[in-house]
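Colleague: Here is what each chain is made of, one letter per residue.
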Amino acid sequence: MAEEFNTDGMLDMYLFENEQLLEQLQERVLDQKDADCFDEESINEIFRTMHTIKGSSGIMMFDNITAVSHKLEDIFYYLRESQPDNVPHLELVEHVLEVEDFISGELEKIRNGSPADGDSSGIIAGLDKFLEMIKNGGAQGGEEPPENVHVEPKQFYIAPVATSASRFYKIYINFYPETEMANVHAYKTVYALKEMAEDLLYSPEDIIADETSAQKILEDGFRILLQAQCTEEEIRNAIGIGYDIEKVDVYECKAEEFLQGFDFGEHDDEPKEVIDLESSVEEIESKAEAKEVEKAKEAPKEPAKPKMAPGDFVIKSKEPGKAKKLAKDRNKGEKASFISVNVKKMDQLMDLIGELVISESVVLQNPDLKVPGLNLDRFNKAAAQLAKISTDLQDVIMSMRMVSLSNTFQKMNRIVFDVSRKLGKEIEFEMVGEQTEVDKNIIEKISDPLMHIVRNSVDHGIEDKQTRMESGKSEKGKVILSAKTEAGKVWISVTDDGSGLDRAKILAKARKQGLLDPNKPDEAYSDKEVYQLITLPGFSTNEEVTEYSGRGVGMDVVVQNIQAIGGTLDIESTPGFGSTMSLKIPLTLAIIDGIVMETGKSSFVLETGVIKEFVRVREEMMIYEPNGDEYIMIRGECYPVLRLGRWYGLEEYQESVEDGVMLILEVEDQHVCLLVDRLIGEQEIVVKPIPSYIKKVKGLSGCTQLGDGSIALILDATGLME
Amino acid sequence: MDEANELKRMSMQYDSDDTNEKGKYMTFKSGNEYFGLAIQYVNEIIQMQEITAIPETEDYIKGLINLRGKVVPVIDVRLRFKQEPLAYNDRTCIIVINVKTATVGLIVEKIAEVVEIKEDNILPPPKIGHADKAQNKYVYGIGKVGNAVKLLLDPDKLLNDEDLSVVEQANDMSVDEEGEV
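Protein sequences appear in the order of chains A and B.
Counting in this note's numbering, the first sequence runs from 1 upward without gaps.
Counting in this note's numbering, the second sequence runs from 1 upward without gaps.
FYI, nobody ran anything at the bench for these hints, they're computed from the structure.
Glycine residues also receive a C-beta, built at the ideal position from the N, C-alpha and C atoms.
Keep in mind that the hints are not guaranteed to be accurate.
Said to hold, decoys possible - Negatives, chain B to chain A, calculated, CB over 10 Å: (1) Lys29; (2) Asn43; (3) Ile54; (4) Glu56; (5) Arg78; (6) Pro85; (7) Leu86; (8) Tyr88; (9) Asp90; (10) Val96; (11) Glu119; (12) Asp120; (13) Asn121; (14) Asp154.
As the list claims (entries may be wrong) - Listed next, the stretches of chain B that the computed footprint assigns to chain A, with coverage defined by at least 3 CB atoms under 8 Å from CB atoms of chain A: (15) 67–74; (16) 102–116.
Chain A extracted, bound-state conformation (with noise of 0.2 Å):
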């Protein structure tokens, strides 16, 4: 074509439409994966994935992309028509994700801007042999199918019936010199004619995949040979007059000269089958069959797959009377539409929200309206008002940017799926509460760590079979990931039922790297201690490096990378039953209730959840410690004392107990009492971040705009009790 198309914005619906069809394909098929074969529905879907990948990318000019869908599709095609027994289902799952992988690598590629050249070749022939399995009757359990990979279409070998009413055509068409992707044309030409056609060759014939075939056909020309009962008239027509065809010759000859193929060397090395128009179908039927299996003698070549190295994984893991509730119920009515937003305005929308909270703020708390004898009773409605509306706004923009943890968990299952496969363990995978949402931000922080720690379960957690069998466990490991949102944080956490942190030997791989005071006591340092230990850099009791981790990279990178969302990282776990690794992760855009108080020159909030009480506090309620460290004793309790002032070095603050407030903060089951200068009220806030120029002060988490603009600053109580 002349025109070149300038297809930016169709490659970002490309990419994108893409990218989510995978998504949902990943998932199904990780569904299923537990399943004796796919369901109806799910190879209908599969089916039609594929069809529109191979589709898209077919006009996005992806021939590698084209054609492995283009196997895949084939494959479930075959799967839906003919409804085969024994498929070996694992394996096929094996097959899809690694075309949905190979696909998915494509697309980073064409997102980054490099150009999509994977090789697809080793993919398509695993494609076609696992194909022929399944045709030819299914797996042979753990073995290799004795099969060659196959290079031409089957049609080949098996000869069409010819009718005495088929007439044979010579057909060369000729494109223009200028005609871009000639090959596409070509093959919008062949597709014109397979209608019609009983037999159809063409040459050169890798006009899909192989990009040389354009210079080739520009150069020699476009030769079809044409079984059909048609006449030259209707295969004019079907070709068509198009603006890229300068010529079109069409020739008619006879059966012999159809079956002496092309004139020069297109030929494959495999020599062509004579077609036999006399034999039987049956006959013609066995004698292929008979050569097929005399070509698998001849050179049985290697397969294109690695043998699987535990054959555990093949059919013979079907478990009887396996009744599992397969595609989670998926309600076909539920799927909801969207619509796609550049993050950018979501991102300037929640600006704008955080104004209106604080512009709100201002209004209802104008110092105009202080002056005393106004009646404010209408005003106040109004203003009530006001503010229910704009809370819901709050709620509704805040949830827009919220995106659920379900695609991060369903990143995790793959990575169960391919490491346990791998390691030979087997693992069951439970996901908790995956709905849970998130802000955008968090998710895209939190993938890497996560992925390390189910990474970490799955590899050190959970035993091999024996080990577990013999301490009477069940063969399959658990790893369970859950999620929830609770006092402003989200928790995520991932369990395992495996051996658990052995403390004796992190201690005794710490006292060895020197991390450990050497005049401390094992003893002396609780269970959490330990268990933080390995979170430190360079830190691992694996004897060998793997694949997967040994390094002792990780965990500290971790842990940093949580910390850099605010988060932290808890580890608790019990020698024998396994591991538990939690994430606690503020939600930092947060517009939250919070308690305004003042020491000295300086503003400060807290969320209002975690203060469990104001109290006037008398001096005798004191202990001082010599240590300098305070303590105060109410109702009966023995809380720690902070002094704001003084632990932040602030200027001007009130010294005397008795002239500031007492706070009881409790968070989880700790308990600090912090004594501020006053209090000022409670407001609803909104969370704004520290500017990361400014490096991490210990206790505070925040910062926000209060009603008459001036800037408070917004503590943590977690940090206050460090």
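Keeping the supplied structure of chain A fixed, place chain B upon it in accordance with the hints.
Modeller: Relative to chain A, chain B alone:
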């Protein structure tokens, strides 16, 4: 006050997309020296306003200001250069700069003018004498404007480098030069 406003207007004239920007520097005085900052980094110049202190930060990080809804950290340039801090008066201004993604305000004693300095009038900074410290090129050049010199600052280094005492030495050396001129 007017000075600040006028300079604000002047800097607004320079559209950040204008390639003629090259060679234009916002100059300000700190201590005995005049410093220059390439104008494409300068967002705006505002009057001194109330700063909310942040505890437990470096001494040159004065705190946060509320810039039309945005929370911006401000640093005191004199403290950053490890000089004696000066009391803030009504000439003190805040230059808001944008470096990569960070927006930071610089508290400066006195704003001077926007000058144009041609490439050939920019000389490399004086060698300090310590091989490793020579790496800290926040003063990446000396710009000659008439009889005076302006020390040209690299805002990236200004914000990110830890040890800035070298600037002192640069000050001393250029004072000598000026003395000779």
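Colleague: Compare the structure with each hint and give your call.
Modeller: Now the hints, each set against the structure:
no.	hint	in the structure
1	Lys29	24 Å, holds
2	Asn43	14 Å, holds
3	Ile54	6 Å, violated
4	Glu56	5 Å, violated
5	Arg78	18 Å, holds
6	Pro85	16 Å, holds
7	Leu86	20 Å, holds
8	Tyr88	16 Å, holds
9	Asp90	20 Å, holds
10	Val96	12 Å, holds
11	Glu119	30 Å, holds
12	Asp120	34 Å, holds
13	Asn121	32 Å, holds
14	Asp154	16 Å, holds
15	67–74	holds (count 4)
16	102–116	holds (count 3)
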